[in-house]
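Listed here are the chains, written in short residue letters.
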Amino acid sequence: MADQLKNSLPKKPLLEIAGLTRRFGGLTAVNGLSLTVETGELVSIIGPNGAGKTTLFNLISGLDAPDAGAVTFEGGDVTGLSAERLAALGLARSFQHGRVFGNLSVLDNVLVGAHTRLRAVKPQIPLVGPLVELALALIRPPSVRAEEERLRAEATEIVRMFGERLTPRLDKPAHSLSYANRRRVEIARALALHPRLLLLDEPTAGMNPTETAEMLEIIRGLKAGGLTILLIEHKLDLVMQLSDRVVVMDHGARIAEGPPAAVAGDPAVIEAYLGHKAVGAANQDGPNQDGGRDAEGDAARILVAH
Amino acid sequence: MLPTTFGPWLDYTINGLVIGNIYALLAVGLALIFGVSHLINFAHGSVYMVGAYIGWLCVTKLALPLPVTFVTVAAGCGLLGAVIERVGLRPLRNAPRIAPLLATIGLSVVLDQSAQLLFSPDPRALPTQLPTWRIAIGGGSIGALDLLIAGVGIGSAGLLYGFLRFTKLGWAVRATALDRDAAQQCGVDVDKVNRTVFAIASALGGVSGLLVGMYYNTIDPNMGFQAGLKGIVAQLIGGVGNVPGAIAGSLLLGLIESYGIALFGTSYRNLFAFVALILILVLRPNGLFARARRLPPEPLTGTFIAPSRPLVLPKWAVWTLAALALALPLVVQQPYLLQTLGNAWLYALLALSLTLVAGTVGQVSLGHAGLLAIGAYASSLLALDAGVPVLLAVPLAGLVAAALGTALVYPAFRLRGHYVSIATLAVGEIVTLVILNWESLTRGPIGVTGIPPLSVAGKPLVSGQWVYWVPLIVLLAFAALQSRLLNSHLGRTLRAIREDDVAARSYGVDLNRYKGLAFAVAGFIAGVGGALMAHFYSYINHETFPAPVSMLALTMVILGGLGNVAGAVLGAAVLVGLPELFRAAAEYRMLIYGVVLLLLIRFRPQGLLGTV
Ligand SMILES: Nc1ncnc2c1ncn2[C@@H]1O[C@H](COP(=O)(O)OP(=O)(O)OP(=O)(O)O)[C@@H](O)[C@H]1O
Ligand SMILES: [Mg+2]
Chain A
1 MADQLKNSLP KKPLLEIAGL TRRFGGLTAV NGLSLTVETG ELVSIIGPNG AGKTTLFNLI
61 SGLDAPDAGA VTFEGGDVTG LSAERLAALG LARSFQHGRV FGNLSVLDNV LVGAHTRLRA
121 VKPQIPLVGP LVELALALIR PPSVRAEEER LRAEATEIVR MFGERLTPRL DKPAHSLSYA
181 NRRRVEIARA LALHPRLLLL DEPTAGMNPT ETAEMLEIIR GLKAGGLTIL LIEHKLDLVM
241 QLSDRVVVMD HGARIAEGPP AAVAGDPAVI EAYLGHKAVG AANQDGPNQD GGRDAEGDAA
301 RILVAH
Chain B
307 MLPTTFGPWL DYTINGLVIG NIYALLAVGL ALIFGVSHLI NFAHGSVYMV GAYIGWLCVT
367 KLALPLPVTF VTVAAGCGLL GAVIERVGLR PLRNAPRIAP LLATIGLSVV LDQSAQLLFS
427 PDPRALPTQL PTWRIAIGGG SIGALDLLIA GVGIGSAGLL YGFLRFTKLG WAVRATALDR
487 DAAQQCGVDV DKVNRTVFAI ASALGGVSGL LVGMYYNTID PNMGFQAGLK GIVAQLIGGV
547 GNVPGAIAGS LLLGLIESYG IALFGTSYRN LFAFVALILI LVLRPNGLFA RARRLPPEPL
607 TGTFIAPSRP LVLPKWAVWT LAALALALPL VVQQPYLLQT LGNAWLYALL ALSLTLVAGT
667 VGQVSLGHAG LLAIGAYASS LLALDAGVPV LLAVPLAGLV AAALGTALVY PAFRLRGHYV
727 SIATLAVGEI VTLVILNWES LTRGPIGVTG IPPLSVAGKP LVSGQWVYWV PLIVLLAFAA
787 LQSRLLNSHL GRTLRAIRED DVAARSYGVD LNRYKGLAFA VAGFIAGVGG ALMAHFYSYI
847 NHETFPAPVS MLALTMVILG GLGNVAGAVL GAAVLVGLPE LFRAAAEYRM LIYGVVLLLL
907 IRFRPQGLLG TV
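Order-wise, the sequence lines are chains A and B.
Our numbering puts the first residue of the first sequence at 1, with every later residue one more than the last.
Our numbering puts the first residue of the second sequence at 307, with every later residue one more than the last.
Any given hint could be a false lead.
Said to hold, decoys possible - Here are the simulated DSBU-like pairs of lysine-lysine, each with C-alpha atoms no more than 35 angstroms apart in a straight line: (1) A:K122 x A:K172; (2) A:K12 x A:K172; (3) A:K122 x A:K12; (4) A:K122 x A:K223; (5) A:K172 x B:K498; (6) B:K474 x A:K122.
Rather than coming from a laboratory, the hints here were simulated on the basis of the structure.
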């Protein structure tokens, strides 16, 4: 009964962003941006360096607060909610420059991803909650031990998705991993949260073509499993293959949106990329020495080819 | 009590501005250093002390004329600053962010202790050669020295402005402060800029020390600690790295202190500064004059703590060592040896506590001795004034230290990196000052005498063996508990906060909750440690647990390896036990600790057993 009723109602988007704005001094990094993501969809956000993509992720994931606008997640207003609350609501993200816990083992990194699911963490009553958690951690009754065992097995399973690249390194500290492997750990950690929405910020930055192809398959698998994903990516062939919808940002605003093929042909998009390319060439440094700049060149080429 | 006429208030204002000028000389240097190297220089107070001593040599031994004294002090301290930068900090430029922070702490210990050895810990008089006339204005008065201090303050500010504004090197300094990497790419010699800034800052700091010595006509080797802290407070009021802000903040701090003394009395002076500091850190972490809301600066790469592969002791080895330690009094009977080791175990409790917050959670607390003090006072007063049996008073004291310690540091939970260290340093000072001033509860400066010893079934445990066994058994119990904690999901969560608090938050880790838990557990352990100390020593006062004890604990923690339980015990045994057993003269001990800390940071930052 209830299910039928639900299905007959117009579907609510999982994530809805309206008029989001964030200014840094004189610079408007995100400018009145609106965006919706339906459950099960994979939406990509592309745009030249400095377009405001990462800032948008920070606003959605609660690490930064917007100056204006609203974010709705699963029908509830979550604007300005803290990152930890949003994680508990089922929002997981990876970071553009990689933020693994260096001195923690790969397994522990992934287990931190499951933090919000731990039962010991649940009691939120001030003072009592933390003390109960402390007692549970010290006494470790069978239920707590069983939960930990279960999560360990699950984390190992998640790591196995990445095949031989990570599995043999399960107990190695994350700081000893290669750059690409650290990116994989980040994604494994995000999956351990059992996210309702997964935000991926350039998951293939710094990866070679083989590694990128592997990552593409993994993301494709996640999507096939029904996960909703919002993806920032510079490598446009990957975006074209994976996305249901593409949103193009420039100067903090949305300049185009639609199915991949339609966006690729949009003159405004090509203009944004080519225009920035000329500027980008003049300034050699930047956070994206790991291929971002090249990817942008590729992007322009792919756009023109379409 | 309150002065009702205008005159005294004018005096207080003048006094506040004069003191403010002195703080400004310190704060400007700290701001310059922060600007180019993003470092809060905890050794700055020591340079100030060195300046006072150079001045004392010039005035009393060499009888130099005043202007020559000033130039000598500035040159000497400038040179010292350049050396500090070259030897202490430049080699750490690519080290994890915790390294330079610890290095400046180590440098300050080394400088203070060297001065103490060279000039004895006793205060000395530093007479001024200035005339003693005073100009009376509106009921208040201004002396020649006041005018000199104002002149030096304004003159230095002018010179500095000219240097930054109109010289090529000054331009390079400003460029480096704006964007270090960009400046380097434009051909700015960043090393030279750093050296220059340290030299200028230290010259100003030294002159400030000289002026203060003259103003109060007394100097001592520990004068730098409080002064450095005041400089940091002033700088934070104005906003870190902001030179004009530092001057404004200093004058404000001087006035706050001066009016505070007028209202409440001298013994509260420092309390105002530290309470102001905590308020600023909590309410306006970017300073009074910052406008924009900004994210805390986040390095793209690199962590606070060095990557490490800890040495894991096998279980049987741990059990064997524990059993051997327990059996020791059966073989060794010299009371002196047992007492020394017992003392080492007491300090190991402090190290255990500190390694949890500084090591596991990455909150480098510099006020940890305050927790010992809270525990010691709580247990003594419970036993003496409330008639609680000692055996019950000790764990109760642990609870008091856990609750009070967490509550006091709570406002600092939102801070990161250096700011945590500053806030905890201030909290430690606040604890001491409250103990000193709350006479009705703590007996004030007299201290607590006749503290009853720990006793079981009416039998006091005071013999050599018990002095060894009791701390050891408590230590082993806490070490086992802490290891168990670290092996649980909590250990993982706490370490994640240390490694990357932003990522931890993004995975649902509520920082306040876990920092609170860590400080509570740490407070309990240190509180019990302090309580045991009180019952063994039988007398405590506000100076039983001074700030250097916190530095000692930190050295133990670094020596053993951050977050490493076995390491904390080892660190305490080595640093408390060995100097005693080798009969190293007591006055050299702190110096040895400082040097050990510096060498560790430089050559083995992960400590003996490694960061866990
Ligand atoms: N904390 C901050 N303070 C000031 N400016 C910022 C801050 N964060 C980002 N910016 C600026 O906002 C703009 C957008 O940055 P953002 O990192 O969101 O771009 P992006 O689209 O992710 O770029 P990239 O493709 O290079 O990752 C940039 O000009 C950046 O310099
Ligand atoms: Mg980005």
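These are the hints, each one checked on the structure:
1. For the hint pairing K122 of chain A with K172 of chain A, the CA-to-CA distance comes to about 29 angstroms; that is within 35 angstroms, so the pair holds.
2. Note on K12 of chain A and K172 of chain A: the hinted pairing is violated, with a Cα-Cα distance of about 43 angstroms set against a maximum of 35 angstroms.
3. Note on K122 of chain A and K12 of chain A: the hinted pairing holds, with a Cα-Cα distance of about 28 angstroms set against a maximum of 35 angstroms.
4. Restraint check: the Cα-Cα separation between K122 of chain A and K223 of chain A comes to about 29 angstroms, which is no more than 35 angstroms; the hinted pair holds.
5. For the proposed pair K172 of chain A and K498 of chain B, the alpha carbon gap of about 41 angstroms is over 35 angstroms, so the pair is violated.
6. Of the pairs offered as hints, the one joining K474 of chain B and K122 of chain A is violated, with about 59 angstroms between alpha carbons and a cut-off of 35 angstroms exceeded.
Hint violations for this structure: numbers 2, 5, 6, all remaining hints satisfied.
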